[in-house]
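There are 2 protein chains.
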Amino acid sequence: MENLRIALDAMGGDHAPEATVQGAVEALKEHEDLKITLLGDEDRIRSVLKERTYPADRLSLVPCSETIDMAEPPVAAIQKKKDSSIVRGMRMVRSGEADAFVSAGSTGAVLVGGQVLVGRLKGVERPPLGALIPTKNGMSLLVDCGANVDARPSWLVQFAEMGSIYIQKVLKKDRPTVGILNIGAEEEKGNSLVKETFPLLKADQNINFIGSVEARDVPLGLADVIVTDAFSGNIVLKMYEGTAKMLVGEVKRGLMSSLLGKIGAALAIGPLKKSLKKFDSKKYGGAPLLGLRGLVVKAHGSSDATAIRVALNQCVDFYREDVNGLIKERMEEAAKQKRELRSRESGQDS
Amino acid sequence: MENLRIALDAMGGDHAPEATVQGAVEALKEHEDLKITLLGDEDRIRSVLKERTYPADRLSLVPCSETIDMAEPPVAAIQKKKDSSIVRGMRMVRSGEADAFVSAGSTGAVLVGGQVLVGRLKGVERPPLGALIPTKNGMSLLVDCGANVDARPSWLVQFAEMGSIYIQKVLKKDRPTVGILNIGAEEEKGNSLVKETFPLLKADQNINFIGSVEARDVPLGLADVIVTDAFSGNIVLKMYEGTAKMLVGEVKRGLMSSLLGKIGAALAIGPLKKSLKKFDSKKYGGAPLLGLRGLVVKAHGSSDATAIRVALNQCVDFYREDVNGLIKERMEEAAKQKRELRSRESGQDS
Numbered sequence: 068m069e070n071l072r073i074a075l076d077a078m079g080g081d082h083a084p085e086a087t088v089q090g091a092v093e094a095l096k097e098h099e100d101l102k103i104t105l106l107g108d109e110d111r112i113r114s115v116l117k118e119r120t121y122p123a124d125r126l127s128l129v130p131c132s133e134t135i136d137m138a139e140p141p142v143a144a145i146q147k148k149k150d151s152s153i154v155r156g157m158r159m160v161r162s163g164e165a166d167a168f169v170s171a172g173s174t175g176a177v178l179v180g181g182q183v184l185v186g187r188l189k190g191v192e193r194p195p196l197g198a199l200i201p202t203k204n205g206m207s208l209l210v211d212c213g214a215n216v217d218a219r220p221s222w223l224v225q226f227a228e229m230g231s232i233y234i235q236k237v238l239k240k241d242r243p244t245v246g247i248l249n250i251g252a253e254e255e256k257g258n259s260l261v262k263e264t265f266p267l268l269k270a271d272q273n274i275n276f277i278g279s280v281e282a283r284d285v286p287l288g289l290a291d292v293i294v295t296d297a298f299s300g301n302i303v304l305k306m307y308e309g310t311a312k313m314l315v316g317e318v319k320r321g322l323m324s325s326l327l328g329k330i331g332a333a334l335a336i337g338p339l340k341k342s343l344k345k346f347d348s349k350k351y352g353g354a355p356l357l358g359l360r361g362l363v364v365k366a367h368g369s370s371d372a373t374a375i376r377v378a379l380n381q382c383v384d385f386y387r388e389d390v391n392g393l394i395k396e397r398m399e400e401a402a403k404q405k406r407e408l409r410s411r412e413s414g415q416d417s
Numbered sequence: 068m069e070n071l072r073i074a075l076d077a078m079g080g081d082h083a084p085e086a087t088v089q090g091a092v093e094a095l096k097e098h099e100d101l102k103i104t105l106l107g108d109e110d111r112i113r114s115v116l117k118e119r120t121y122p123a124d125r126l127s128l129v130p131c132s133e134t135i136d137m138a139e140p141p142v143a144a145i146q147k148k149k150d151s152s153i154v155r156g157m158r159m160v161r162s163g164e165a166d167a168f169v170s171a172g173s174t175g176a177v178l179v180g181g182q183v184l185v186g187r188l189k190g191v192e193r194p195p196l197g198a199l200i201p202t203k204n205g206m207s208l209l210v211d212c213g214a215n216v217d218a219r220p221s222w223l224v225q226f227a228e229m230g231s232i233y234i235q236k237v238l239k240k241d242r243p244t245v246g247i248l249n250i251g252a253e254e255e256k257g258n259s260l261v262k263e264t265f266p267l268l269k270a271d272q273n274i275n276f277i278g279s280v281e282a283r284d285v286p287l288g289l290a291d292v293i294v295t296d297a298f299s300g301n302i303v304l305k306m307y308e309g310t311a312k313m314l315v316g317e318v319k320r321g322l323m324s325s326l327l328g329k330i331g332a333a334l335a336i337g338p339l340k341k342s343l344k345k346f347d348s349k350k351y352g353g354a355p356l357l358g359l360r361g362l363v364v365k366a367h368g369s370s371d372a373t374a375i376r377v378a379l380n381q382c383v384d385f386y387r388e389d390v391n392g393l394i395k396e397r398m399e400e401a402a403k404q405k406r407e408l409r410s411r412e413s414g415q416d417s
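Top to bottom, those sequences are chains A and B.
Okay, so the first sequence: first residue is 68 according to our numbering, each after it adds one.
Okay, so the second sequence: first residue is 68 according to our numbering, each after it adds one.
Hints listed in this document are in silico derivations from the structure and should not be mistaken for laboratory results.
One or more hints might be untrue.
Said to hold, decoys possible - Calculated pairs, DSS-like style, for lysine-lysine (alpha carbon to alpha carbon, straight line, at most 30 Å): (1) A:LYS345 / B:LYS240; (2) B:LYS262 / A:LYS147; (3) B:LYS102 / A:LYS203; (4) B:LYS405 / A:LYS312; (5) A:LYS341 / B:LYS319; (6) A:LYS345 / B:LYS341.
Here the structure is a predicted model, which means the values were calculated and not measured.
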């Protein structure tokens with residue numbers, strides 16, 4: 068493999084730049100063919116780097132004078148803050164100076180930047196954000212969970228195809244199952260988007276469609292890829308996070324409210340942690356923005372060094388397996404099929 | 068108060084008719100002005116009643132020869148099974164023989180029956196299903212969680228108004244807060260439905276609108292009433308149930324996998340149960356179908372006698388506080404305002 072070059076937003080996330088720089092250093096040690104460019108505040112990055120040893124020939128720094136805040140309106144931020152780490156990193160992917168960009172910063176800015184600055188692969192209607200969510204069975208790719216709120220059926224079909232390629236190549240799972248998020252198992256259930264999309268997915272030979280997945284079954288991991296519009300996908304993601312956080316908090320409060328509870332908790336904490344470890348989202352990497360001319364990964368805002376390292380590793384697999392090449396191929400094939408269908412139909416007309 | 072007459076689907080739910088009959092007997096003992104009609108299989112109901120004492124003058128039985136299964140397509144079931152407990156119960160509300168109908172049976176059949184057989188109050192565009200969900204702070208009414216998947220902004224405004232009246236009168240909470248389910252806190256966030264509905268809710272003087280509620284904050288109980296379309300609402304409800312169930316299962320499995328875990332769990336189980344008790348949905352009653360000419364309550368399929376009793380009590384409060392009278396008034400007022408606005412506009416035109 069040629070060297071993989073990743074641009075990393077060193078300023079993104081709650082624990083930047085310590086966590087981002089540390090994650091980069093760790094990833095460089097794991098992969099000898101990896102090059103990382105850190106983007107951000109030069110002084111702050113250098114002061115973190117100073118305390119660490121790293122392969123200096125594979126780690127470079129691009130100083131940026133601006134930062135995009137989490138709360139900033141993303142479109143305006145992308146337009147105005149041309150010297151921010153997000154805009155600079157995206158531009159490096161666009162120009163071919165980098166193969167991938169990773170950021171734990173503003174989701175909105177990453178989404179807008181991906182579309183506007185990096186740009187779509189030919190044939191991709193809308194690039195979706197796919198979240199890897201931990202389940203009882205391993206993990207599922209929930210796609211779209213943030214980019215396209217008012218989606219169309221043809222977009223969801225592409226989400227399913229791109230998501231399948233991703234799971235197959237990056238998570239090494241053969242013939243990944245695809246489900247559509249729905250409010251019942253029967254084919255006649257759903258809103259108009261689901262009803263229109265269902266037969267298209269069913270007819271798609273390129274995916275392993277298993278039908279509807281109800282929200283209550285999402286935590287069980289019944290499908291490898293779950294397609295949906297970004298409004299519903301975001302609700303699933305946030306309900307999952309919110310419910311788990313609230314419940315764990317209530318359990319802790321309940322245990323700590325009495326002596327017996329405290330003793331019991333002290334004894335049980337080991338086995339409990341072990342059993343809940345698989346739900347630690349850090350292990351699973353960031354959310355890939357699929358269908359762009361290059362890879363963009365949005366890491367969680369709360370990412371620590373491990374989460375950043377995993378997100379960087381994710382890019383390595385994506386690149387090694389040529390996921391974008393496969394997506395391009397798939398999209399071109401679909402476009403060709405559509406053209407043939409159209410010319411056959413117009414042939415029948417005349 | 069005049070006698071309140073409730074028709075109860077004795078055959079609905081996983082534990083019918085034992086749980087339904089027992090719940091009815093308990094509710095009759097609590098309310099001396101309550102009359103209940105049990106609908107369903109005569110022999111089975113009588114065999115449960117035989118073992119119990121109850122005020123026979125306030126408990127009657129209407130034998131029904133048919134049952135609507137959970138999996139049956141609801142529209143066809145409602146049309147064909149005219150002697151089912153659901154159809155008979157709905158017809159009793161329609162004809163004025165009963166004030167309310169409670170069922171733990173097929174949600175689809177209850178929704179279709181409510182619309183088709185009971186009918187809407189004048190001015191109500193679409194009757195929504197409102198679920199009472201337990202939260203860290205008490206409970207919230209999630210409306211719509213099952214009836215109208217492709218909703219319009221004006222429907223959501225009515226959901227907010229009807230939901231507010233319900234919470235104020237049945238749960239005795241003054242000026243209940245109303246939020247719209249959204250994927251971000253800012254006003255410009257959301258899909259087109261949310262963006263169009265937001266300013267209408269903001270301008271509505273009849274409700275206490277507090278803006279967007281993100282899915283992750285639903286378990287915290289940030290708003291008393293959360294309005295949304297039924298597709299998103301159902302996802303929230305099912306993710307809540309599914310995540311809690313899966314996590315509790317994983318915690319149990321984790322604890323039971325080791326001796327220390329088992330001992331710890333045995334010690335901590337008391338305090339833990341106490342702290343999680345408030346999330347027991349049985350305490351909160353069933354899901355009211357709002358805006359109908361009479362009250363229809365959908366109880367959970369897994370309802371035990373307590374859940375049925377609480378759902379019957381819920382009808383008592385609904386009836387005593389004349390919730391439907393208030394909804395009617397509000398809808399008429401809104402229609403009047405609309406007419407005035409229209410005539411003023413046409414006056415300006417000429």
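Here is how each hint holds up against the structure:
At roughly 41 Å between alpha-carbon atoms, LYS345 (chain A) and LYS240 (chain B) are farther apart than 30 Å, so this suggested pair is violated. A C-alpha spacing of about 25 Å is found between LYS262 (chain B) and LYS147 (chain A), which places the hinted pair at or below 30 Å, so the restraint holds. For the suggested pair LYS102 (chain B) and LYS203 (chain A), the alpha carbons sit about 47 Å apart, so the restraint of at most 30 Å is broken. Using a Cα cut-off of 30 Å, the hinted pair LYS405 (chain B) and LYS312 (chain A) is violated, with the two alpha carbons roughly 44 Å apart.
Pair hint LYS341 (chain A) plus LYS319 (chain B) holds up; C-alpha atoms about 12 Å apart against a cutoff of 30 Å. Between LYS345 (chain A) and LYS341 (chain B) the CA atoms are separated by roughly 27 Å; this keeps the pair inside 30 Å, and the hint holds.
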